[in-house]
Amino acid sequence: MAALTDLTIAEARDGLAARKFSARELAEAHIAAMVRARPLNAYLVETPERALAMAAASDARIARGEALPMDGMPLAIKDLFCTEGVLTTAGSRILAGFAPPYESTVTGKLWQAGAVMLGKVNMDEFAMGSSNATCAHGAVENPWRRPGDNRPLVPGGSSGGSAAAVAARAAIAATGTDTGGSIRQPASFCGIVGMKPTYGRCSRWGIVAFASSLDQAGPMTRSVRDAAIMLKAMAGHDPKDSTSAPLPVPDFEAALTGEIKGLRIGIPREYRIEGMPAEIEALWQRGIDWIKAAGAEPIEISLKLTKYALPAYYIIAPAEASSNLARYDGVRFGLRVPGQSLDEMYENTRAEGFGPEVRRRILIGTYVLSAGYYDAYYLKAQQVRTLIARDFAAAFERCDALLTPTAPSAAFALGEKQDDPIAMYLNDVFTVPVNLAGLPGISVPAGLSAEGLPLGLQVIGRAFDEATVLRVGGVIESAAGFAARPALPPGDG
Amino acid sequence: MALDKATVARIAALARIKLPPSEQEPLARELSAILGWIEQLGEVDTAGIEPMSSGAALRLPMREDEITDGDCRDKILVNAPAAERGFFTVPKVVE
Amino acid sequence: MAALVEGRTGAWEVVIGLEVHAQIISRAKLFSGAATAFGAEPNTQVSTVDAAFPGMLPVINRHCVEQAVRTGLGLDAEINLVSVFDRKNYFYADLPAGYQISQYSRPIVGKGKLSLDLPDGSSREIGITRLHLEQDAGKSLHDQHPTLTYVDLNRAGVALMEIVSEPDIRSAEEAGAYLRKLRSILRYLGTCDGNMEEGSLRCDCNVSVRRPGAALGTRCEIKNVNSIRFVMQAIEYEARRQIEVIEEGGTVKQETRLFDAGRGVTRPMRSKEEAHDYRYFPDPDLLPLTLDPAWVEGLRRALPELPDAKKARFIAAYKLSPNDAGVLVGEQSSADYFEMVAKGRDPKLAANWVMVELYGVLNRLGLGIERPPVSAAALGELIDLIVDGTLSGRLAKDVFAAMVETGKSAAALVEERGLKQVTDSAAIAGAIDAILAAEAGKVAEYRAGKEKLFGYFVGQVMKATGGKANPALVNEALRRKLAG
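Residue numbers (our numbering), protein chains in the order written: chain A, 1 to 493; chain B, 1 to 95; chain C, 1 to 484.
Hints were generated in silico from the structure; no laboratory data involved.
Every residue, glycine too, gets a C-beta built ideally from N, C-alpha and C.
Any given hint could turn out to be false.
[Unchecked claim] List time: in silico DSSO-like cross-link candidates among lysine-lysine, alpha-carbon distance up to 27 Å:
1. C:LYS88 x B:LYS5
2. B:LYS5 x A:LYS109
3. C:LYS310 x C:LYS111
4. A:LYS261 x A:LYS240
5. C:LYS139 x C:LYS113
6. C:LYS310 x B:LYS75
[What the hints assert, rightly or not] Residues of chain A clear of chain B, computed beta-carbon distances all greater than 12 Å:
7. LEU52
8. ALA60
9. ASP329
10. ALA450
[What the hints assert, rightly or not] Computed Cβ-Cβ distance ranges for the label pairs, DEER-style:
11. C:ASP292 x A:ALA483: 54 to 60 Å
12. A:ARG36 x C:ASP292: 58 to 64 Å
13. A:PRO246 x C:LYS343: 31 to 37 Å
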């Protein structure tokens, strides 16, 4: 039998049902893996006692024949999710010592579904970043290495700790959040599946806000089936979130029929960006061939405003963030750095509490909202956003899903691209438009780069049509047959 | 649009982030570069286009007027860096 | 009309606009389920939403929306079927999120109007610019500790309506009348209790002065004045101050000022008045608020009769003077009380008893008409006893005083104290005969032309009957008998 840490959720579910192993054994194996994976710096907080207690409850339910959909599944939780009584810092010094007196809706639903909490995982501070290289709590390493090169690579971001933990078999799956690509890009960099659901599908209540109109939680898993199972457990209407969609949650797993014959898959012309590496282009073409072979019809479509999505995003997200992060003021929770006056206390606290990228985005956001600039920047960006959403809507009149690369490159080394914020922002060029339009998207590992690093393909769907996204993603997954493993942990045969 | 040092200082004050004068210049350069890149949006014709300010196309849901929360002072104060006699405390403010 | 203020160099016109913050009567806060009751222990009515904990989200209270719409309808204002919540960003110790959820460019209520009742019985219309919904901030206490400010978030997130007037007000008196009228409407609607001491109604006053007919002058905003009297004093002082500044060759600086009630003066706020830049933008945690026109129509139909309509009806139906009608409709409860007393009775007599006797007692005892010492029904019975001749007006006043004191009904007191008016003509005639016989000299004088003695005879008869004789009957019989 494969190591317990190699199992997918679907396989572990079958194994538990067949009493091949217990939830406790599954938890213990993952706790040990979590400890072994410490050099990656993926976990910020380990909660092994809680994991074992939750596993014991799962075992009791399984014994009674009352197994829940996620019973016994050991998960890593992105540090952006508030977890009751467990340190939650959003990867920032400014939330030092903060133990929320409440549980986020999404994690609460996962525990309700029987899942087991291994700990909290690292991330770019306040989810602002694409590399996990500048985390307040130290950089996260990608478990992958370029063959013959032991330099550490970034796991992507912002859900880098989640992606690294899942890729390194230190969690069976993880929660992520995606504001501009923060689930899909690290999933691509780490060779796992990452899904951003439709805006409003998962409640934002209890998730530390970055950009409220864009943030969305989603699953990070090692298979498309697992993403379907986990998304079902995370999703659903929440009356505590005014932007949560009052829609029933379909059985996503049942949508994985493998059957995409007759589907029309849009290939957006504008995603062939200047300077895109040939291997990305080739991977994309392979994806097109796979869906064609499965009986779907690729059709070229146009998303004219693609190139304006990133600049629009870098107005909207910082603007919302500048306001969302005003509450970190040293008064009610987290860090306080004293000052002679109230304003001095604020300024000291926020200067010391926020890292450079967060400070940079707060300042940009403050600037674009300030008197005299609102119309030129913020309003303009929101109008461009409308046009981008219309572009997608027009495309979806002609096709059922879109296929694109997830990111313009494979994982890069720690230290690369650090000096140029704009070069870093370009990582999200294929993912950001999806957030602006509020649509669902999935990244599925589809192959290796010339350097031997994983690359993902992205499937984008209509709003609330995650089922089709997962179905098409499942076909890509089967066709790609991605079986490569990261260098860490070393294969144990 | 290029930001000057004074503007950066003003924004930082507005955002209540202490900014040593030595950091004003490099930050002004960095932010100017980002804003310059952002300004390509000017190429898009948006005349008469409604801004999209939410990711959700829903009607605003409403709650009933019922007391369902509060009465949990310990929970509210437990994470506070400073509290006294049931209040949060901050350096004295003169109005 | 608009009173001008005489300065050293000529007449000045005072231009005033008021921004009133009215706390909505609701059980829970505007965006959270925490309670709103006044006077609770610090931070005991605070949810993690109100304290802006990470990841907390607002969900709007339907009742507060309804109250705002009803208030808008009561001010004869446009209701905006789509309105938007914006964030107003600024840092302050009692503003936990670092922003206040408010409505900036698209308020829930647009232009309306309010009619002022002026002392001469005429009325004047003041424009309402807008009404919007917003959250209250918490409370900072600066006097509890030598070096610390204490912060209580009980009030943070409580629903407010900000009601902004046009700069149509021209004097402190008009400002007072505006606030009294607005408060009256809010109370009729039940949307705000209007209690200024508890801060449920607060007023910012924008004051400027100009030469009559000239362009608007520079205005100063006097923040957070918490009684109608103080508003009037503050405006009076501020207008004088501005006139003096200009007449002495200076210019008025646009600034925010505070009213020092102890000294009766306004002074600039001491805190550093940095250029505010609130960076308003639509709150992405909320969606535009859309109202169903049929729902708004339903609220309109269910509105109570408001003071202006009630006053008009009182004048038309009860033939009351505009002043009396205006006084009676000031509070819903006094209007209701009056109508119960007046039902089936002489309305003028009823109005008189309510406004003179009842109000007198209420004033003396410091009571409100919501808890009257004599019920409307009991006062009605008393009036009935006057009308049917059982009590004279003078006796009725004594009985009323006894009713206040004992809580007994008028009929019971009349019975108990034997106060029933003597209407038996034989008994009255007997008393008159006895007196005329005893006062033969005075009778002669009277008959000789000293007619003012008539009052003396009436007094004697009343005295003899213990004040119980029906005065009309006494008059009539006396005249007959004196005529010989």
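Status of the hints after comparison with the structure:
A hinted pair counts as satisfied when its Cα atoms are at most 27 Å apart, and C:LYS88 with B:LYS5 qualifies at roughly 26 Å. Taken as a hint, the B:LYS5 and A:LYS109 pair is broken in the structure, with Cα atoms around 48 Å apart against an allowance of 27 Å. Note on C:LYS310 and C:LYS111: the hinted pairing holds, with a Cα-Cα distance of about 23 Å set against a maximum of 27 Å. Restraint check: the Cα-Cα separation between A:LYS261 and A:LYS240 comes to about 40 Å, which exceeds 27 Å; the hinted pair is violated.
With a C-alpha separation of about 32 Å, the suggested pairing of C:LYS139 with C:LYS113 is violated against the 27 Å cut-off. At most 27 Å may separate the alpha-carbon atoms for a hinted pair to count; C:LYS310 and B:LYS75 exceed this at roughly 50 Å. Every C-beta of chain B lies more than 12 Å from that of A:LEU52, the closest at about 26 Å, which supports listing it as non-interface. The claim that A:ALA60 is not at the interface with chain B holds, since no C-beta of that chain comes within 12 Å of its own (minimum 30 Å).
For A:ASP329, the non-interface assignment is contradicted: its Cβ lies about 7 Å from the closest Cβ of chain B, within the 12 Å cut-off. Against chain B, the non-interface label of A:ALA450 holds: every CB pair exceeds 12 Å, the least being about 29 Å. Our hint of 54 to 60 Å for C:ASP292 and A:ALA483 holds, since their Cβ atoms are close to 56 Å apart. Between A:ARG36 and C:ASP292 the beta carbons are some 59 Å apart, a value that agrees with the proposed interval 58 to 64 Å.
Checked against the given bound of 31 to 37 Å, the beta carbons of A:PRO246 and C:LYS343, roughly 51 Å apart, lie outside it.
In summary, the numbered hints that this structure violates are 2, 4, 5, 6, 9 and 13.
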